[in-house]
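**Student:** What follows is the residue order along each chain.
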Amino acid sequence: MTHIAMPIILVLLAIAFTIAIQRIGAQGSATWPGRAPFLGGGLPETHAWQRFHVRYYPMAVLFIAFEMEMMFMYPWAVVYVETGPVALAEMGMFLGILSIGILYGWREGVFRWQ
Amino acid sequence: MSLLSALARGAEIPIFAATGTRGLALVERLARRPGLRLVASPRHARVLLVAGAVDAAHQRALERLHAQVPPPRGTVWWQAPPLFARGETVAGDDPLPAIRRAAMANDPDQRPDVPPHPWQGMGPHGQGGTGMMGGNPHGRPMAMTAEDIRDGLALDAYTARFGPFLPMLPPGLVMDLTLQGDVIVSAHVASPPFDQGPEGDRPAPCAARMLRLMGIGPRAARARGALLALSKGSGTRRRLSAWLRGEEVTETPEPLPDALPGLEWAEAVLWLASFPPSRLRAACMQGQAA
Numbered sequence: 001m002t003h004i005a006m007p008i009i010l011v012l013l014a015i016a017f018t019i020a021i022q023r024i025g026a027q028g029s030a031t032w033p034g035r036a037p038f039l040g041g042g043l044p045e046t047h048a049w050q051r052f053h054v055r056y057y058p059m060a061v062l063f064i065a066f067e068m069e070m071m072f073m074y075p076w077a078v079v080y081v082e083t084g085p086v087a088l089a090e091m092g093m094f095l096g097i098l099s100i101g102i103l104y105g106w107r108e109g110v111f112r113w114q
Numbered sequence: 115m116s117l118l119s120a121l122a123r124g125a126e127i128p129i130f131a132a133t134g135t136r137g138l139a140l141v142e143r144l145a146r147r148p149g150l151r152l153v154a155s156p157r158h159a160r161v162l163l164v165a166g167a168v169d170a171a172h173q174r175a176l177e178r179l180h181a182q183v184p185p186p187r188g189t190v191w192w193q194a195p196p197l198f199a200r201g202e203t204v205a206g207d208d209p210l211p212a213i214r215r216a217a218m219a220n221d222p223d224q225r226p227d228v229p230p231h232p233w234q235g236m237g238p239h240g241q242g243g244t245g246m247m248g249g250n251p252h253g254r255p256m257a258m259t260a261e262d263i264r265d266g267l268a269l270d271a272y273t274a275r276f277g278p279f280l281p282m283l284p285p286g287l288v289m290d291l292t293l294q295g296d297v298i299v300s301a302h303v304a305s306p307p308f309d310q311g312p313e314g315d316r317p318a319p320c321a322a323r324m325l326r327l328m329g330i331g332p333r334a335a336r337a338r339g340a341l342l343a344l345s346k347g348s349g350t351r352r353r354l355s356a357w358l359r360g361e362e363v364t365e366t367p368e369p370l371p372d373a374l375p376g377l378e379w380a381e382a383v384l385w386l387a388s389f390p391p392s393r394l395r396a397a398c399m400q401g402q403a404a
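Listed in order, the protein sequences are those of chains A and B.
Quick note: the first sequence, position 105, residue 105 per the numbering used here, numbers continuous.
Quick note: the second sequence, position 168, residue 282 per the numbering used here, numbers continuous.
The set of hints was computed from the structure by calculation and includes no laboratory data.
Being a predicted model, the structure only gives us computed values, none of them experimental.
The beta-carbon is built from N, C-alpha and C at its ideal position, and this holds for glycine as well.
Accuracy of the hints is not assured; some may be wrong.
Cβ pair distances, simulated, as ranges [what the hints assert, rightly or not]:
id, chain 1, residue 1, chain 2, residue 2, range
1, B, Ala318, A, Leu13, 55 to 61 angstroms
2, A, Val11, B, Arg214, 47 to 53 angstroms
3, B, Thr259, A, Pro85, 46 to 52 angstroms
A few chain A residues that face chain B, going by a derived Cβ cut-off under 8 angstroms, partial list only [said to hold, decoys possible]:
id, residue
4, Trp32
5, Gly34
6, Leu39
7, Gly42
8, Glu45
9, His47
10, Arg51
11, Phe52
Sample of chain B residues at the chain A side, in silico, Cβ under 8 angstroms [said to hold, decoys possible]:
id, residue
12, Asp227
13, Thr273
14, Phe279
Given these sequences and hints, build the entire structure.
**Tutor:** Below, the structure written as structure tokens:
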């Protein structure tokens, strides 16, 4: 019984908490001009919803590429001797796919120190 | 008076200063007074302080600021004729008592409670139209990608009218800017900065304003290497150093539409603040006349 009741109670608590937080943060009283973006008295011509480039993105791609390489290489090194050329071919394919990410990072200038 | 309200009276009053004609030196002097705190956004303020006269052309902008101070709000017109019937007028040198009274006040709304842009669109939230970015939510089109001038990354171009009371821009300066990320792509001066008089060109208020924009205190500015954060080659560091030594700066900026594109927002803000207000005003007016 507890196994069924506990999750339900937890879910209900979570919902109640969410609604309470929403009520606390509610700004129903803010007027339309009060909610407009602050531009020092000016008005925007374009909607504020826009795409913004994450500048660390190429660096993150590079990090993940090398990290995944290492993550796979440790267990691969353990079984390499008994598995033989098949393991070598698999690692070659894996590195081939990862190197696309590294080449992409290269093109984006991630290896250029600025 | 309860203990709580007595404690609350001792708290700093967050004020948003809308600087008008000859108001820059007034605001910089006021910023050093204890008991109040200049905030960078009206949303963080309790009191809207209009320091120095503002011409009637900017009344709508002031009204928008007034609406953006969350209620309860107060208004003080310091050495400025009121442009709308809210708050208190102070003609003298000390607005602090009036600010304290305004911190207790609760001005009614000045702007009508209607959307600033007319509603356009098919759906209940202005959505609709063709494509993923279709529709005009609240009458403002979505930003679309445009050619990038920095590094070839095509980002969304955001166009807006900034000023005249944006605290990081010289008071009164209204610019139509197009930004891609934080890079200024194009700039057009719609209205020159307000006249600040010879008082506004003095080294002390100019240096104080620039240090406030950089977020470092006056003592920290004397530390070795404090100004190294300013970009090299733009002359910003040289001019601030001159002000800190107490020397007047007499350089005139090149026209803003030529100088600003390519700069990042933070660089542009400090570049603009590194010129004496009178020189900047002259350059903007020359550019408008041309």
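**Student:** Tell me if the interface restraint on Arg51 of chain A is satisfied: Cβ within less than 8 angstroms of some Cβ in chain B.
**Tutor:** It holds, given that the least Cβ distance between Arg51 of chain A and chain B is near 5 angstroms, below 8 angstroms.
**Student:** Holds or violated: is there a CB of chain B closer than 8 angstroms to the CB of Glu45 of chain A?
**Tutor:** 5 angstroms, holds
**Student:** Under 8 angstroms, Cβ to Cβ, is where Gly34 of chain A needs to be relative to chain B, so tell me if that hint holds or is violated.
**Tutor:** Nearest chain B Cβ about 5 angstroms off; hint holds.
**Student:** Tell me if the interface restraint on His47 of chain A is satisfied: Cβ within less than 8 angstroms of some Cβ in chain B.
**Tutor:** 4 angstroms, holds
**Student:** Note whether the CB distance of Ala318 of chain B and Leu13 of chain A lies within 55 to 61 angstroms or breaks it.
**Tutor:** With a Cβ separation near 58 angstroms, Ala318 of chain B and Leu13 of chain A satisfy 55 to 61 angstroms, so the hint holds.
**Student:** Starting from the hint 47 to 53 angstroms, judge whether the C-beta atoms of Val11 of chain A and Arg214 of chain B obey it.
**Tutor:** 50 angstroms, holds
**Student:** Next item in the hint list is Thr273 of chain B. Is there a CB on chain A closer than 8 angstroms to its CB?
**Tutor:** 5 angstroms, holds
**Student:** Per the CB criterion, is Phe52 of chain A less than 8 angstroms away from chain B?
**Tutor:** 6 angstroms, holds
**Student:** Quick check on the hint: Leu39 of chain A CB to chain B CB, less than 8 angstroms?
**Tutor:** 5 angstroms, holds
**Student:** Let's test the interface hint: is any C-beta of chain B closer than 8 angstroms to that of Gly42 of chain A?
**Tutor:** Interface hint status for Gly42 of chain A: holds (3 angstroms vs cutoff 8 angstroms).
**Student:** Hey, does the Asp227 of chain B contact hint survive, CB to chain A under 8 angstroms?
**Tutor:** The hint holds - Asp227 of chain B has a Cβ within 8 angstroms of chain A, the shortest such distance being about 4 angstroms.
**Student:** Double-check Phe279 of chain B for me: the hint is only fine if its C-beta lies closer than 8 angstroms to a C-beta in chain A.
**Tutor:** 4 angstroms, holds
When held up to the earlier numbered hints, the structure conflicts with none and fits them all.
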